[in-house]
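*Asks:* If you want the building blocks of each chain, they are given just below.
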Amino acid sequence: MSRGSRTRVIAIVWGLSMMVISLASAQTNPTPSPPVSEATETCLTCHTVLHPALVADWEGSHHAKVTPEQALEQVGLSRRFSAPAVSEDLQGVVVGCAECHTRNPDDHADTFLHNDYWVHTVVTPNDCAVCHPQEASEFEENIMSRAHDNLARNPLYRELMEAIAGPHEWKGGELKQTAPDAATLADACYSCHGTEVAVEGLEFRETDLGEMEFPRLVGWPNQGVGRINPDGSQGSCSACHTRHKFSVETARKPHTCSQCHKGPDVPATKVYQVSKHGNLYASHGDEWDFDVVPWTVGRDFSAPTCAVCHISLVVDGEGEVAASRTHRMSDRLFTRIFGLPYAHPQPLSPETHGIVNSAGLALPTELSGEPVSQFLIDPAEQEKRKGTMKRICISCHSNAWVEGHFRRLDHTVEETNQATRTATLLLEEAWKTGVAQGPAQGGGVFDEPLERLWVESWLFYANSIRFAAAMGGADYGVFAGGRWQLSRSVREMEKELRLGSREK
Amino acid sequence: MSRGSRTRVIAIVWGLSMMVISLASAQTNPTPSPPVSEATETCLTCHTVLHPALVADWEGSHHAKVTPEQALEQVGLSRRFSAPAVSEDLQGVVVGCAECHTRNPDDHADTFLHNDYWVHTVVTPNDCAVCHPQEASEFEENIMSRAHDNLARNPLYRELMEAIAGPHEWKGGELKQTAPDAATLADACYSCHGTEVAVEGLEFRETDLGEMEFPRLVGWPNQGVGRINPDGSQGSCSACHTRHKFSVETARKPHTCSQCHKGPDVPATKVYQVSKHGNLYASHGDEWDFDVVPWTVGRDFSAPTCAVCHISLVVDGEGEVAASRTHRMSDRLFTRIFGLPYAHPQPLSPETHGIVNSAGLALPTELSGEPVSQFLIDPAEQEKRKGTMKRICISCHSNAWVEGHFRRLDHTVEETNQATRTATLLLEEAWKTGVAQGPAQGGGVFDEPLERLWVESWLFYANSIRFAAAMGGADYGVFAGGRWQLSRSVREMEKELRLGSREK
Amino acid sequence: MSRGSRTRVIAIVWGLSMMVISLASAQTNPTPSPPVSEATETCLTCHTVLHPALVADWEGSHHAKVTPEQALEQVGLSRRFSAPAVSEDLQGVVVGCAECHTRNPDDHADTFLHNDYWVHTVVTPNDCAVCHPQEASEFEENIMSRAHDNLARNPLYRELMEAIAGPHEWKGGELKQTAPDAATLADACYSCHGTEVAVEGLEFRETDLGEMEFPRLVGWPNQGVGRINPDGSQGSCSACHTRHKFSVETARKPHTCSQCHKGPDVPATKVYQVSKHGNLYASHGDEWDFDVVPWTVGRDFSAPTCAVCHISLVVDGEGEVAASRTHRMSDRLFTRIFGLPYAHPQPLSPETHGIVNSAGLALPTELSGEPVSQFLIDPAEQEKRKGTMKRICISCHSNAWVEGHFRRLDHTVEETNQATRTATLLLEEAWKTGVAQGPAQGGGVFDEPLERLWVESWLFYANSIRFAAAMGGADYGVFAGGRWQLSRSVREMEKELRLGSREK
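Protein chains in written order, with the working numbering: chain A, 1 to 504; chain B, 505 to 1008; chain C, 1009 to 1512.
These are computed hints drawn from the structure, not numbers from a lab.
Just so you know, these numbers come straight off a predicted model, no measurement behind them.
Every residue gets a Cβ at the ideal spot worked out from N, C-alpha and C, and that includes glycine.
Errors might be hidden in some of the hints.
What the hints assert, rightly or not - SDA-like, lysine to any residue: derived pairs with alpha carbons at most 20 Å apart:
| no. | chain 1 | residue 1 | chain 2 | residue 2 |
| --- | --- | --- | --- | --- |
| 1 | A | 176 | A | 358 |
| 2 | B | 936 | C | 1067 |
| 3 | C | 1394 | A | 205 |
| 4 | C | 1184 | C | 1449 |
| 5 | A | 390 | B | 921 |
| 6 | B | 780 | B | 897 |
| 7 | C | 1184 | B | 921 |
| 8 | A | 390 | B | 550 |
To be verified - Counterexamples of contact, computed for chain C against chain B with all Cβ distances above 12 Å:
| no. | residue |
| --- | --- |
| 9 | 1055 |
| 10 | 1146 |
| 11 | 1172 |
| 12 | 1176 |
| 13 | 1177 |
| 14 | 1192 |
| 15 | 1231 |
| 16 | 1270 |
| 17 | 1329 |
| 18 | 1348 |
| 19 | 1357 |
| 20 | 1382 |
| 21 | 1414 |
| 22 | 1436 |
| 23 | 1468 |
Modelling step: build the complete structure from the supplied sequences, incorporating the hints.
*Replies:* Here it is, written out as structure tokens:
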């Protein structure tokens, strides 16, 4: 290298070093922070010290970086803010602690005076609706937002909860079961379905700043999707939009859904993991862009996560909308493959606890399997929604593939409903012959071992088979809680029935 | 900073900006696209619009970027193309839609005239063999390519499939089971094993371009590894080399194998996940290079995925071959730890449905456990293949470690076969005493609860224990479908036998 | 662009190219390698060729890059080296093969003469203690380091192991079970708990360098956390600090813990995966820094992995210690939620095999559930440890959240212990009435199906429910091995008892 060019290189290196230094200092002295409201500033004074990681999470959020006014400037499909305008108190500041936790104070039974601010603990869909009204109103019509009530107010499901979670006592040669208390239910079914969060009064607690007064909450903590909130609203946005980053990336990844949809009753995650889609996500998801809005199939991701098929706004390479964003999952669902005990057309209303069949049971089907049609969508609506779903599939699959897939799914729904019919006949026979004690015999529906075989046959196995059919989950339709276990349950019911009859 | 140096920095920044702009524009106006055949160009005209993500996937593939001629230029271990020369019609173009979907048109019963091209839907190993003949011919000798026939043509396994997937009816106080239909089997066992894809005729379908004629396929869609194809070939390369990127990275990651090898019968994935190897993949796999050929242990990856031990070409840091690439998995397998019902030496032929034991059952072992040797590899061949596998282990483990590991595995094979022997004796006793109805009593082998306990004892639990021993899967050999469940099954069989005998 | 500026850009590009070249050459001709001892140099001569990936792993480790003296220079919380000074033979060299494998040669029964060096195969906590004495001594008081002995020396647990892993024989119409041999136990329980590694003598083996003499080890290979080592020490650091990189990153990720803590008896990993914490790790963990010491909550990670709550030194954004590093896990644990058969206060000593209840059983509780307090920590100590744990939670959660969480966990401990009480009463009734044969009737505790129902009720289901309560694991407290299965077990025990009594 000549002396001259060496000098030049040295000069360049020095110049670059200066740039690096200047970039580094830019990182530690960032561009002017986005404007934070005075109230939020007050919160941060203490809470940054008390809960540093909570605050750090928020600092990484869109909420902390973009003011609602800036969010409004986004037009078209890239907009993340569905309110037509920004409410007055949100003008010029980012969405910080106070913007949510002091919102609608009068509606909140959990509002309390905290350092001169009327603060509430539980942020609810009604609070979020200030900026995201469309999402909130769709979510209100989403069966998930009713997850608590649909369980708690359905007498049959309540009996199921009690059979599962109620304590047993062995006394005087008899096994007695009593109803579970609220703390048990909060730790069990309501962990996903949502608790009822209520205020039991105020209490003084010792804090770093001396004694302070706080509301005493029952049913707290809880992030269940159908939580009953102290402002009377239903649901919890943070079930999926994890606090305090509320990142769309988190919600778009399947791990969020897996929190509630992994058990044997709803093995969606397990099925997804062994599907081709799940394989591609696990193998290549780290190369995909989960944060961009709108979300372009084939560019931002190359196989669906749960959100792609069920919720997200998806556009194709030409910018055409393949699917509109919806927080009302049923927009893209035609058959409810979660059997109760049979798979059935999606319900008309998200509030299902009012559904009653001809036998007076709070079920969407008769015990014979026939759907209770007045509460359910009709075939035309089913076909329409199936079309909405197919529009997404077609981005990657040929027509013949898509049609073949859904034809097979429909067949599997039929097949498993038939199996549930057989299991139900065996149960009814057991009740009739006194081998088990059904409601007509003064017994429960879910307590005896033979009844449990019946429940597992549809709640675990028929469901698993249908999820496997819907998402390509192979062994979850056969040996992993699928047809092997379904046929075994039916055979065991028959054996119990035969042995039980003989003993009489 | 002096004025002079500031000027210089500004100049450098400006210079860099220009470079960034030029790099960015290079990204949006890429180097001339690789040459695409006229036929593929025609396909892309419509299908890019219809299935944008399908096309995007292909655009990201080696197929879309490298012409066969360029692939041929790679010499030695880095070559990915096993044909000695490029067929004429592939010269000068990359491998696009038409190169595969119009290949061997006369062989394909699913060929149809589509916009003046003779196109077929199902691309098969015979189509892939044009460029990858060695892989195709190895795969033909791989038991996986026979997964459909080895199941469908074995009368005993067919009986098992029917017992699992056949619908039950409760009628006149009796439980009757009939054979499952093709759609059920396609959704169940054949989902992994492969369907038989056949053409049932042609049909007109409404498309965006007006009415068009397409073949009506049965058994479609399906990517099962042993699929029977409309050109008479067996197998599906896309089972592992996921369409339409066909990425070696995908196939090398364990999520691909997990699609079929996760259930209780073959819990390979679950065992791998809790093994030290699986831990390292999950913890550090994102730093490894899954795309490079050849694949260097210690540099490109530091713990094996499934592919490392079972398929891939692996070289060590000195460029020495630790393992040759093979699509005939049995090259590195000595004992078949998947018991039927006993673990046994690997079969000689990939076509196992012709194997018959001395009792006339289509099984590789007697019911006593003795291998049916004329169909199985001999001890010398077993030792040789074990040596091939050990050569891979030794890259990271000492000799004492490797020898100790395989000695323990052999012991566990022996131990679990002994357990299967006990379970089988209990089953035979039940059949003999009439507690259950075996074939000699006019009954089935797999339908009654006691028989199911027997099947689970080897198909689920003995298998799980052996997989755990083979790959270091700890609890899958004990509480997670292992020795706890195996001993429980044996005890329950004994209880059923005792109670059943008493009732007589 | 003017000609002048174009010239300048070209000059800059050329200058940058030179830098790139110089950087690239820096990569291939790295800065002088860290100093390696002569002994290690000798090892590397052969072993780099024999086990290239093993050596590559070590080359990527801190051990290979940092000399103990450099490690000592780190002061305060960033220090990874707990010895006050460097032992003489480690001065000036990095920690290579010889530094560990020739350490304390006289203590090691597995020491052998290998190319003029006294080498041992099994590196033990005593060897690691030279540089990491604090970690080693904490680990010695960690119940995990006693995992072998606490199992092997407890007569009741030994009976359980035998009931699980002992071979059954069906002979003369009777099912006989014998004790499992050492190889079976090494592949089963001791796979995680640790084997007893012993030297059985020396043997000659053929190697690439001719015939050489090696010790013949039994119980090898094994990385179980409570391994009994040939130098008399207990435990295996490489159970978590995977050889030969010994990376803190690996140990901090949950996949390491999942190797042993995934089964139905300790479903910690499964519960974590569906918890909000596990969701965040799976969704965002790839953006976190797992290598830095100390580890800052909110900056380096935003949700806990296992290590955060149970082991690691955690500081907050202000550099305040939220949790001190400890290799004695019980420092942060108050109740042992792993029931034996009841959840109970943590034991005082890590050596639990000496614990005996008033019935003479080696259990930390009476069969009635009452803790055997003289062996367990008292309520004040429980409260103190709970406080240590809460200090971590508070980094992200409000006080009300944390208090509510632990109140609910305590309630679930109480609830599940009550269920275990009921199951135990049913078992005792079965023993009393002769429906099953307990110890008083000359039978075993764990062999009969009814006894197995009892074990599963606490070992699988009550444990799963408590893990779900502790870590927010939703369905693992309900349908996935939770309350559904617990109540089913109790009901089935009652049915067995009823049917068994009737038969008498």
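*Asks:* With reference to the structure, classify each hint as holding or not holding.
*Replies:* Status of the hints after comparison with the structure:
1. 176(A) to 358(A): violated, 31 Å
2. 936(B) to 1067(C): violated, 64 Å
3. 1394(C) to 205(A): holds, 18 Å
4. 1184(C) to 1449(C): holds, 17 Å
5. 390(A) to 921(B): With Cα atoms ~49 Å apart, residue 390(A) and residue 921(B) exceed 20 Å; violated.
6. 780(B) to 897(B): holds, 13 Å
7. 1184(C) to 921(B): holds, 16 Å
8. 390(A) to 550(B): holds, 18 Å
9. 1055: violated, 9 Å
10. 1146: holds, 23 Å
11. 1172: violated, 5 Å
12. 1176: violated, 5 Å
13. 1177: It is violated; residue 1177(C) is separated from chain B by about 6 Å at its closest Cβ, not greater than 12 Å.
14. 1192: With a cut-off of 12 Å, residue 1192(C) comes too close to chain B, as the shortest Cβ separation is near 6 Å.
15. 1231: At roughly 7 Å from the nearest Cβ of chain B, residue 1231(C) sits no farther out than 12 Å, so the non-interface label is violated.
16. 1270: For residue 1270(C), whose nearest Cβ neighbour in chain B is about 5 Å away, the distance does not exceed 12 Å, so it is violated.
17. 1329: holds, 26 Å
18. 1348: Consistent with the label, residue 1348(C) stays out of reach of chain B, its closest Cβ about 15 Å off (over 12 Å).
19. 1357: holds, 26 Å
20. 1382: Given a closest Cβ separation of 30 Å, the condition holds.
21. 1414: holds, 28 Å
22. 1436: Nearest chain B Cβ is 20 Å from residue 1436(C), so the label holds.
23. 1468: Not fine: 8 Å to the nearest Cβ puts residue 1468(C) too close to chain B.
Checked against the numbered hints above, the structure violates hints 1, 2, 5, 9, 11, 12, 13, 14, 15, 16 and 23; every other hint is satisfied.
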